[in-house]
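Quick mapping for you: the protein sequence lines, in order, are chains A and B. Be aware that the first sequence starts at 1, since it is given in the working numbering, and climbs by one per residue. Be aware that the second sequence starts at 1001, since it is given in the working numbering, and climbs by one per residue.
Each hint can be trusted.
Covered by chain B, per the in silico footprint, the following chain A stretches (three or more residues, Cβ under 8 Å):
hint, segment
1, 36-43
2, 124-137
3, 141-154
Note that these hints are calculated values from the structure, not bench results. Glycine included, each C-beta is placed from N, C-alpha and C at the ideal position.
Here is what each chain is made of, one letter per residue.
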Amino acid sequence: MEKVETILYGRRWKSFLGFIALILILPLVVSSQYVFTLLILIGIYCIITIGLSLLIGYAGQISIGHAAFVGIGAYVSGVLTVKYSVSPWVAMGIGMVATFIIAYLIGMQVLKLKGHILALATIAINIIVYILLVGLSDYTGGAGGLVGIPNLSLLGLDLGNQVNFYFFVWSIVFVVILFSTNIIRSSVGRILRSIHDSEIGTETLGVNVTKFKVAIFALSAMYASLAGSLYAHYINFIAPPTFYISFSILLLVMVMVGGVHSIWGAIIGTASIMFLNEVIRFVGHTYFNINGEVEIVVYGLIIILVMIFIPKGLVGILDVRKISPVKSSIKKDVTIKKNVASEKGV
Amino acid sequence: MKKFFIGKLVAILSFVFLLVVAGCGIENAEETSGGKSEEGVVKIGVIVAETGPASTLGSAQAKTVELLQKQLDEAGPIDGKKVQLIKQDYETNDTKAVVAMDKLISENVVAVVGATQSSTTMAIIPKAIEKKLPLLTIAPIESESEYVYSMAQSTTVIAMPIVEYLKKNNIKKVAWVNASDGFGVTGMPAFEALAKENGIEIIAHEEFDATATDMTIQLTKVRKKNPEAIIVWSRTPGAGIIARNFKAMNFDIPMIQSTAAANQGFLEQVKDDNENIMVVGSKLSVIDQLPDSDQKEMLKAFSDAYKKEFNSEPDLFAAHLLDGINVVVKAIKAGNVTSEDIHTYLQNDLGKYLGATGTFDFGVSQASPEPDGISVLSIENNDWKFTE
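So that you can see chain B by itself, here it is in the shape it has in the complex (with noise of 0.2 Å):
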């Protein structure tokens, strides 16, 4: 009996040590291999949806990760430091995305880029808030933080530019619809205020859940109203099925859809049938059609790199990555490796930034950059067309 019992417990407790030993030592490799010369290196986190639904963003980003990671191991350390990029794949689980950065602040990064989707940057920014880690988010948030800096443009931002072109084309009645996700249903609040302020109305308002097949029902109750435009809130595969189903419905008014759409995933959804069809895109989407400025040749530098390592196009969301990562680099370049040092340079010193998603100026706001980066994008031959 005893026995038993002693032979079970010894079992049970030298096995589970070794789960605990196993997951130990995976975290005292990573300490040795990058401890050897822990003086010499500076850690970035970055906190990516490499996969699950969200890596029709995540996965421009990760690779943007991997072409920083090289571009900054070809231009040599800084200060005799070496950058090193920590990437973690969060899979579009908020559980993971928080053990991620749990991982990243016991490897000491000095600041993290992330995560992808909005909903997990709410769950990881308490985690950067109690360590004082600067947190630059890819993924449009409202946060009041100090530590929290916004790479991608807030919604409202978003919005502005659909503002204009309604304002421009003279539409008054528009019909909102979009996906009752984290990204969907932040929005109608901030379009609604905008839209109020220039008189423009929004009549009909429909939701579709993020992984619907089909938009139909929706698309029909906002006929029956009449807008003069539609405009959908969604991330693709959604969006680009609902656009679909509009054309299928012989729609004959624009519909205008968000950044989240502003993906070479959604021009193949909607290839050969995209009349009317925009989205607010970035300026990175359309870089041949545009008027010479540093903001063309900073985008073409990134957009040629990128082209010629994966073979295809960077998105915004590469583009917020991309910059979050320079902001701390250029931190770093400014003589800070300390996450103190960077956020207190972020604060005082970085002023205005040029980045590829907009124009930064922390000294103003550090909750979105300018809109200058992103403008409405209609379609043509399959491919974006910049209409300004």
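Chain A on its own, in the form it takes in the complex (with noise of 0.2 Å):
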């Protein structure tokens, strides 16, 4: 007999080993520093866009601000090892902590707030830490950046080689991303998709909405900050435009690219959009002899049309073919059948 967990949310593990098998076959490919970059970038974006899936995609809430934490994250671990000489992986940890900290904070008052409200004090957030980070420019180096942060290394390797570090980091992805379903199939997952339903109803069951709420914000936030973390030792300089409301747009645009209700998602959008750019921008230039920013045209008309056609994103796509046991197995109606369809993605 199956596990109801495994009734519930279909086996995982495949999953995984075609991500691992990905991951493992890429660099076989691909020589080149470029892609390689973007493969990295897209690692880190992706650690990012997962915690914002949870947020959004299951908790139901929304955030416009995520830009802030991982600059708060990058600058944590900046400040830490340019000017203290902290360890990279101790200012990484301190970062992290901070973040979940401060966004616990921020998250009990701002998460009071529902719909567009919420959206627009999220970016106030991004707001006022963009400022901090320009203001404080004895700690920060202000509008003109922080410069030298240093390379990682693990166990003597050298993290700084990029092949090294894009290992490294889509190991984390990995690690986030078991994490980050272990919490979606568990209760807390659970409770977090009746939220994302009806918080009334979920209220009236005796559940403590504002604390699951304000955690998994708390939770992406601190993704966020890891990830800022790992762009600061990778790009080893920061500075403040890169964590602006325009990032946090962009996140947001990654996970609703690939479906919102999804992990898988999150990493198939932030994949999309990041190659998506760089070949809009080589057609742009090679083809019709268009100069700047095309791709910015190009990702309204793709918003509009994901909305429109695929509102699950691009991973509802790749749903097509689904033929659910529990679905055949009991008679159910049409509503629950998406419903059941829609945790496929887990």
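Hints are included, so try docking the two chains, each in its own frame, into the full complex.
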């Protein structure tokens, strides 16, 4: 007899196996420094978008301010390593804990808001953090940026090397995915989902909704902080404009395009947007001789099209073949079928 | 159940692979297009902010790249080698600049010229050092690395003509206002040191957000301190906005702005009301008013070619880029076609080089050209006026 968990969510080891295989195969195909940088950035962004996916897709809250948490992580790592010569690993840990606490405190207040107002409040958080990063120039280097952030090294392995860093980043992504799917498959995950569907309904069941909302907000902020630290140690330089609202929006686009209701959607969305970005630039420059930010126009178009035709994101398309055992064994009405389908991305 | 997952897995894998292959395809396509005559092509990378907020500086640089590529094509191959300029627009986004740098490295460029902003330049320097690639920077930065050659005047050198001007006009108390961005914040320390040596005191210091649309508050605070001149360190459009506020508030002291304001955009912003407003600008803007010299001829040749091509005037930032590429081309003409040889050539053999930015002497310093290419310019009849 299959475990209840498997019936509910399906097995996940095959997705994991495919994921690991892909990560291992890619370096054999790719040798260019350029593509490696893209793959590493995709890895780093994935960590953030997975967190966002938990927050948006599962808990039903929104954040257009996650770049702020990325910035906090990056700057804690940067400032501690550059100005106080703290070990990068310790700095990264401090960054994550600090971000978790900050996000928890912010979340307690902000998550009382709903819908558009919540979105606006998160934008405000982003702006506040941006201003602080620029203004606290004695520590952060201000608008000129923070120079000389060291590369990471792990047990004598130089992570300044791109290939090593690639594997390092993606193994972290793997751990993050594993951790996140565990959350989703636990009772916490089911509570989050029920908050997503009806907050009042969940509250009437005696669940402390606020506690879960704030916790998941802080967790996704912590992911963002981790990603920020990795970014800082990879690029070796950070400046405040990197962590402005435009980056938050880009992250949101990635999650939306991939599909908010699935962890894998976040990853697919991130990879698609990053490659699309480069493809559009290349095609625009080479064949149409268009200079500048063509991709923004295309982003807009994509978001509209995705919202209209594939509201579940790219992962939704891949779900077409679904044949659910739950559905086939038990007679259910259409709505429940849909819900089961949406849980399949886990 | 199983079918579902396998199908999904295959779909996901093939989708991601498709994207990756698309990504690689681009790279391969580029490699083969250049690879056919890999022997006969020398590539120079250029990273500029053609779009985004820094495009006020970057677009003239991007145009200069086009102009130079055209001139290089017309001149024909150097020793049988075609020089190809590969321009990357980083859209005023540091992360994109780093990706662009990697792309250039993947395409085996021999040297890189860029980037438009100081902060972005700091972001790409580590990559250049790691790959031992000569990086000819076109924004005022401080770097100790032997691979970094600064084509732009260092902040100290830019401040020199201002201090000269202040001394000449016997001004002892100045107010300092800067934008709080990468360019704005670098000015004060350099100027302060230089001013101290010359007995000039900074009696007020204000900052404004680089994207702000009104600086009346800062100017009001400054006015209370009664300075004899106001020095502004900001890019346009902020530079122009504060100049307009300054006129609206009827100040009767001079305002001196940095090189970042020495462009056509700034002139248009302060059109018809620009008395007492000065900038540190390139002699490129006042060629006809200069005394005859080699420098004048060289500037005129560049300016005329640029005007003919784009129907607008080149500025100091275009001059930085021009010098950066010309220095590398000069090295290539001397028979150096690898980044290592070019680096050695620049280190040991180039010596003095008269550029559009000023005179370079890498034997003495690779941190900045001499201040002979810039001067304090005033505005007369809505055009720059050379005051020496």
